[in-house]
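**Student:** Please put together the full structure from these sequences, using the hints given.
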Amino acid sequence: SAVISQKPSRDICQRGTSLTIQCQVDSQVTMMFWYRQQPGQSLTLIATANQGSEATYESGFVIDKFPISRPNLTFSTLTVSNMSPEDSSIYLCSVTGTEDGYTFGSGTRLTVV
Amino acid sequence: AQRVTQPEKLLSVFKGAPVELKCNYSYSGSPELFWYVQYSRQRLQLLLRHISRESIKGFTADLNKGETSFHLKKPFAQEEDSAMYYCALRMDMGRRALTFGSGTRLQVQP
Chain A
1 SAVISQKPSR
11 DICQRGTSLT
21 IQCQVDSQVT
31 MMFWYRQQPG
41 QSLTLIATAN
51 QGSEATYESG
61 FVIDKFPISR
71 PNLTFSTLTV
81 SNMSPEDSSI
91 YLCSVTGTED
101 GYTFGSGTRL
111 TVV
Chain B
1 AQRVTQPEKL
11 LSVFKGAPVE
21 LKCNYSYSGS
31 PELFWYVQYS
41 RQRLQLLLRH
51 ISRESIKGFT
61 ADLNKGETSF
71 HLKKPFAQEE
81 DSAMYYCALR
91 MDMGRRALTF
101 GSGTRLQVQP
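Sequences listed follow chains A and B, in order.
The letter at position 39 of the first sequence is residue 39 when you use my numbering, and the numbering goes up by one with no holes.
The letter at position 17 of the second sequence is residue 17 when you use my numbering, and the numbering goes up by one with no holes.
Check before you lean on any hint, since a few could be wrong.
[Claimed, not checked] Taking CB as the label site, the calculated pair distances span:
hint, chain 1, residue 1, chain 2, residue 2, range
1, A, S59, B, K15, 41 to 49 Å
2, B, K15, A, T79, 29 to 37 Å
3, B, S102, A, E86, 17 to 25 Å
4, A, E86, B, R3, 39 to 47 Å
Since the hints were made in silico from the structure, they are not lab data.
Even for Gly, the Cβ is constructed at its ideal location relative to N, Cα and C.
**Tutor:** This is how it looks when you write it as structure tokens:
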């Protein structure tokens, strides 16, 4: 299965600033997904990152707040913009593997102060 | 809309006891169901999926379409099974991302 390198692993940020999270995959993958896991909650899909076109966002998530790039089939970034304490979460990227399972990054633990 | 429900936040058992982690889903189509596990300080990893019908680390799960359930079972729990377990669903068409349940923390006591 694919191996994902996600960074940073954690960060503490001031409110009003932005953080860009990177996911690098060791093989070309068609679909990449970004999830949020708020404290004590399950994983919620933010968006599907599409190569060569705009990301597809889920209800409640907008491009201005969570801009996503997908310049090629092995890389994607998620930016959390104009952060507030409510954005404190773990953010994860995920890809579908060749055997059609899903692989997850190690997550980025974001704390906004 | 599709939904996955895991009614127990925490399940605590003694070593050697049977384990059943409950998962129910709602979806009008033919879903694919997964169990993911997250051990302490590790990333989410696939435990099993219903179409493979495998037994991984002694765990099994059977898709019951009549009861819309995909419960995870193990006859004899081990301490190393202590982890967070997530049930997840993928729709048969449309969005290919997974929909997750809220997770159940399994604690296996010695």
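**Student:** Are the hints correct? Go through all of them and say.
**Tutor:** Here is how each hint holds up against the structure:
Separated by about 43 Å at the C-beta atoms, A/S59 and B/K15 satisfy the suggested range of 41 to 49 Å. Between B/K15 and A/T79 the CB atoms are about 45 Å apart, so this pair departs from the stated range of 29 to 37 Å. For the pair B/S102 and A/E86, the beta carbons lie near 19 Å from each other, so the given range of 17 to 25 Å is met. A/E86 and B/R3 have their C-beta atoms about 24 Å apart, which leaves the hinted 39 to 47 Å range violated.
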